[in-house]
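Asker: Given the coordinates of chain A, assemble chains B, C and D onto it according to the supplied hints.
Number of protein chains: 4
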Amino acid sequence: MNETSNIRKPSVGIIGASGYTGSELVRILSHHPGISLEAITSESHAGKKISDVHPYLLDVCDRTLIPSKVVEDMDFDLVFLALPHGVSMKFVKEHRDRDFRIVDLSGDFRLSSGAVYKEWYQIEHECPRLLGDAVFGLPELFRKDIISASLVANPGCYPTSAILPLAPLLAEGLISPEDIIIDSKSGVSGAGAKAKPVTHFPSVNEDFRAYGIACHRHTPEIEEALSRIGRGSIKVNFTPHLTPLNRGILTTIYCKPVEAVKMEDLDSVCARLYSTEPFIRIRDTPPSVQAVRGSNFCDIHMQLDPRTDRIIVTSVIDNLVKGAAGQAVQNMNIMLGFREEVGLESPPLAP
Amino acid sequence: MNETSNIRKPSVGIIGASGYTGSELVRILSHHPGISLEAITSESHAGKKISDVHPYLLDVCDRTLIPSKVVEDMDFDLVFLALPHGVSMKFVKEHRDRDFRIVDLSGDFRLSSGAVYKEWYQIEHECPRLLGDAVFGLPELFRKDIISASLVANPGCYPTSAILPLAPLLAEGLISPEDIIIDSKSGVSGAGAKAKPVTHFPSVNEDFRAYGIACHRHTPEIEEALSRIGRGSIKVNFTPHLTPLNRGILTTIYCKPVEAVKMEDLDSVCARLYSTEPFIRIRDTPPSVQAVRGSNFCDIHMQLDPRTDRIIVTSVIDNLVKGAAGQAVQNMNIMLGFREEVGLESPPLAP
Amino acid sequence: MNETSNIRKPSVGIIGASGYTGSELVRILSHHPGISLEAITSESHAGKKISDVHPYLLDVCDRTLIPSKVVEDMDFDLVFLALPHGVSMKFVKEHRDRDFRIVDLSGDFRLSSGAVYKEWYQIEHECPRLLGDAVFGLPELFRKDIISASLVANPGCYPTSAILPLAPLLAEGLISPEDIIIDSKSGVSGAGAKAKPVTHFPSVNEDFRAYGIACHRHTPEIEEALSRIGRGSIKVNFTPHLTPLNRGILTTIYCKPVEAVKMEDLDSVCARLYSTEPFIRIRDTPPSVQAVRGSNFCDIHMQLDPRTDRIIVTSVIDNLVKGAAGQAVQNMNIMLGFREEVGLESPPLAP
Amino acid sequence: MNETSNIRKPSVGIIGASGYTGSELVRILSHHPGISLEAITSESHAGKKISDVHPYLLDVCDRTLIPSKVVEDMDFDLVFLALPHGVSMKFVKEHRDRDFRIVDLSGDFRLSSGAVYKEWYQIEHECPRLLGDAVFGLPELFRKDIISASLVANPGCYPTSAILPLAPLLAEGLISPEDIIIDSKSGVSGAGAKAKPVTHFPSVNEDFRAYGIACHRHTPEIEEALSRIGRGSIKVNFTPHLTPLNRGILTTIYCKPVEAVKMEDLDSVCARLYSTEPFIRIRDTPPSVQAVRGSNFCDIHMQLDPRTDRIIVTSVIDNLVKGAAGQAVQNMNIMLGFREEVGLESPPLAP
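Chains as they are written, first to last, in my numbering: chain A, 1 to 351; chain B, 1001 to 1351; chain C, 2001 to 2351; chain D, 3001 to 3351.
Chain A on its own, in the form it takes in the complex (with noise of 0.2 Å):
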């Protein structure tokens, strides 16, 4: 399909415009040539504009927020829902007969069960049948099933920064699927626009602080992917931190090398699956989040420490894009055949 032609333009709708993810899906749609963005929803700002809410979009997308069941009466070719967990999959639920694709950024239809939503959600899932049909959205693994899906869930950032890393190493079995811990800093917009005692300015200005430890809701997502890759039941340690800057994740993982590896066998596995990638860069010193700060970059880096026989895996990627928004565009583009670039050229903006 061409990128600029004048033939009709898939249109295309966001559920919940409001917040961090969604105004980021709006900022980068903004300027994406081949799509036509027709709707834009808020039930808490219905009726203002979306430059209102975040001034930072005046003249770059004026557009009034409308409340979400106004949506009904419109058509579209795919619909970017982000709505918290537990909202999100009413949404697929009620609208699950409708034309329009999903790309859903919230936590609802990434996990393989309702029994394992539950456990780790603490809410009972709405439409776990559904779960079988919703395709875990990461492009550079699971780029095949994500061209015809009907509903793809958006991987989570955490997920992302972790899983692109690993998947070289456990898909070619260099590292023992048995003791692998991830240990994850991000910036404050991965907690979302709403402000929270949590989020109080001076509470993380210079601070900095673990949370969730061993129950973290991004851990059975992580478990299940890599145990798709690694063709085995896989578990891991993952402690999140609050770092007090606006984006960026950086985790560092520590694993065993199954046999006598070299850095060579892992710069060969890196290259093997990724040396195509537009959105993957393999760096040959520990990244840094400000190197992908507003882009689609996932910058990955390998060392193997042969005095503890440890592979130390560190990656960057920004929450907002690759973690959330750019990669929803990225499926987007997969799922309506465009290049994955497309929209999602800006390099990053540092410092």
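By construction, these hints were calculated from the structure, which means they are not laboratory data. Each residue gets a CB set at the ideal place from its N, CA and C atoms; glycine is no exception. Incorrect hints may appear among the rest.
Every beta carbon over 10 Å from chain D, so not counted as near; a handful from chain B, in silico [what the hints assert, rightly or not]:
no., residue
1, Arg1008
2, Gly1047
3, Leu1057
4, Glu1072
5, Ser1189
6, Lys1262
7, Arg1293
8, Leu1349
The calculated lysine-lysine pairs, modelled on DSSO-like cross-linking and capped at a C-alpha distance of 30 Å, are [as the list claims (entries may be wrong)]:
no., chain 1, residue 1, chain 2, residue 2
9, B, Lys1256, C, Lys2235
10, A, Lys48, A, Lys196
11, A, Lys69, A, Lys93
12, D, Lys3144, C, Lys2196
13, B, Lys1256, A, Lys194
14, C, Lys2256, B, Lys1118
15, A, Lys196, B, Lys1048
16, D, Lys3049, C, Lys2194
17, C, Lys2048, D, Lys3196
18, C, Lys2235, B, Lys1235
19, C, Lys2262, A, Lys48
20, C, Lys2194, D, Lys3235
Answerer: This is chains B, C and D only, laid out in the frame that chain A set:
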């Protein structure tokens, strides 16, 4: 009075100890050798330890917060009110017959009349007659009145940073009272401990903005104090800005010399007024907020621009110390007969 | 000229590409469809790829930096100079007979005479006669002169933030030229890419300070531009401050209305001058630097304080974009016949 | 010894007072009632006042910095060395016959042998025989040896944050010595007071990165201390990260229980080792660096993940206090017979 003697120490209470100024009072008073902290109150956190609300205080002060009505059965020599404006005046009104003296950190008793109060605070003052009894608690300028005051109105953070550097210039008639511009920049702790959209970390970090242009409540407080010092009615332009740091106010002031003024004149008026003050440091380069963090210092710098015939004054304070709790303790020290530095001797903490 | 046509694209070079303004030019030009970037130079990093110096540019621009003398054998349509002041004028002097047009991002050609230059920069100008040929490249005000200029002096970051909001007021004679106070706050990238004691992280973070009081080099640049617009000699007070954030300038301006001015007058002069400008956004609340980050926007807000009879103007820009590289590309677009927005269409990046 | 008696106070010197650890020693000792600070030295700033180099110390300590060779004619009871590694051992070697005792804050005397030193520091040790005399100055674990030591090697910041929380687990044999992963995050003051490209504000702010993977010099220091406590040879994975804040280290540790361990076991081993320690606070939620800022506290939290059978330990310190100058003063207090808390009683400063 001997600071460490074994005779009965004055008993002190903090009404509203769970906010930033209240907990800062706890921090400072926890190592004040001369007083006995008898009660700390909070309505919203009553029953919890202060160190559960502010974990940094663990093992420093683990006293339990009590509801403020409990203090009605207690005796105090002095009570600090770290309450929101509007609430403070209710407490003062209800307890006006009690024996204890009061240092009020709210804005309720800083202005000269109920009419001015209503104009800027948009609520009716509940005990306007008490305004005349209240002493404006800026020790460097009004020390004599504080000694015997029963009600001290502790100055606002911005006013402290603006009045102290302007006082020597106005007191000796060096500047025109007509043309004073006060451009202030404050850290975010000045907005209080409660999470609000405007203090959400990603909204403040990597941001900077003015607010309250031409309508901030500290304006009349600055004007009334300057008018007393300058012996005439003074109006000022005052613009506050929100700065992405936790503690500190920098105020930049522009004023007009009345006639030929030399740099030496600026130095000598500062020296005459402040050379023996323990908490004023005159700087020969522009001061930085980091140099006063955690301390009760106010650093001041004056510069003459002969090209434009204007004086540019810069000052810095820690908004929670000299701008709130530290100055309140300084006032208490004066009222109870301690040396002014007692409890306020910790050096600044930098970087 | 068609932006994406296959006819030969104008060839462009960047002299001094390793600093912040140089790499920002690379970032912007990397997705400019109308030009061909032929050379990027650096003396200190010659031989390295630009993406080795600025890792965020990996896969965006991996061109090798060459020494600037290599460009002597190359043909260009236009060359950007992102060199320090003093170095820039040497380049211009040596290449004044070459065919290429120049956009100089240094301060070397912004002032009207060698004498003024020497007074503020403390060095002798090496080609003062060329000062008369240089056009001050503020497109919104001097667009006509830029079209055919051979040498454009790209404005400084602070001057851009001060001149744009003052222009409508001065052009229509609404304010007194005698009483203009400009209080500016800049992020740290304005101090350049080179590590200095004053930009050491712990010295800037959690700090805030004024610098260059009454002696900053941008003062005469502001005064000369305002004098042209206001048709008379204008002197200003200008005070810059160093703010703990990466990108962004907020400028707060205080000025006196010449006679009875109403809020509507302020709105209408802004509208008359700027309503069709693609990069000026008039705000009805005080703007924030985050809202323009990464973009070429200048956001402006005006407020009348009837109580003190003063106008308070606030403006924000990204110092590296509208304050440097973005404006330089805007100038290039004008000089080469492109639409002004080409290459500058990425929305701001917030939070 | 009475802390405030009038008998001759022990005389103390600080060799290398102009860096962050040196000036932090000045800050702490300026209000230590029991010692007399007789000399502070600096080669690069000799002749200046310490308060000219660190303006926050104005009126706190205005002593003049002298060259270190001047101390050869002075008598001291104890000398702190706040010198770079490599320089410190030269001082110790040259002054090994002097009467004063030494607390060395560099890494020069922390390791057991010249060979290990050379392997990790890449330089030859100049007085390897003295390594056997040096006592590793972690009071909570090696207090008895410190009392009479003539040379105390003050621990590194990262090692302090890692060894203290691991000690109770290793001492009682609760964890496997084979599988310890230490993921540390430090504020930027840990990189020293000297401006470097890696500490340039825009390069650190809004960034986050790992460094020194598998090769950081604190690794053998951690391993040697843990091996002593665990009575066996212990190797660890240690990865430091640079965090955009001034002060504070958070260390996240992953280790394997040797057999069935319960949460209560973790609590009780902590209590047994640390319940009477004045500077250790056991937390029941993950600690935050803000809660210890400016203080000598080390806060520790332990959590069992029964799902993966792993213990996750988090600890925080202020890298300049418990990680450097505060611990050095704690060591001095032990050596000179003071209570350990003297001079270290200021509460943390938050927010």
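Asker: So if I understand the rule, the pair passes when the alpha-carbon distance is 30 Å or less; does Lys2048(C) with Lys3196(D) pass?
Answerer: 20 Å, holds
Asker: Could you check that no beta carbon of chain D comes within 10 Å of the beta carbon of Leu1349(B)?
Answerer: 5 Å, violated
Asker: Quick check for students: does the CB of Glu1072(B) sit more than 10 Å from each CB in chain D?
Answerer: The assertion about Glu1072(B) holds, with a minimum of 29 Å to chain D.
Asker: Beyond 10 Å from chain D, beta-carbon-wise, is Arg1008(B)?
Answerer: 23 Å, holds
Asker: Would you assess whether Arg1293(B), listed as outside the interface, keeps its beta-carbon beyond 10 Å of every beta-carbon in chain D?
Answerer: 7 Å, violated
Asker: Need the status of pair Lys3049(D), Lys2194(C): alpha-carbon distance at most 30 Å?
Answerer: 28 Å, holds
Asker: Is the Cα-Cα distance between Lys3144(D) and Lys2196(C) 30 Å or less?
Answerer: 44 Å, violated
Asker: Given the hint that Lys69(A) pairs with Lys93(A), test it: the Cα-Cα distance must not exceed 30 Å.
Answerer: 14 Å, holds
Asker: Is the hinted pair Lys196(A) and Lys1048(B) satisfied, with a Cα-Cα distance of at most 30 Å?
Answerer: 20 Å, holds
Asker: Mind checking the alpha carbons of Lys2194(C) and Lys3235(D) for me, to see if they're no more than 30 Å apart?
Answerer: Roughly 39 Å separates the two Cα atoms, so the pair is violated.
Asker: Taking the shortest Cβ-to-Cβ distance between Leu1057(B) and chain D, state whether it exceeds 10 Å.
Answerer: Leu1057(B) is in fact no farther than 10 Å from some Cβ atom of chain D, at 7 Å.
Asker: Checking a non-interface call: every C-beta of chain D should be farther than 10 Å from the C-beta of Lys1262(B). Is that right?
Answerer: Lys1262(B) clear of chain D: closest Cβ-Cβ about 25 Å, beyond 10 Å.
Consistency note: the structure conflicts with the earlier hints numbered 3, 5, 7, 8, 12, 13 and 20.
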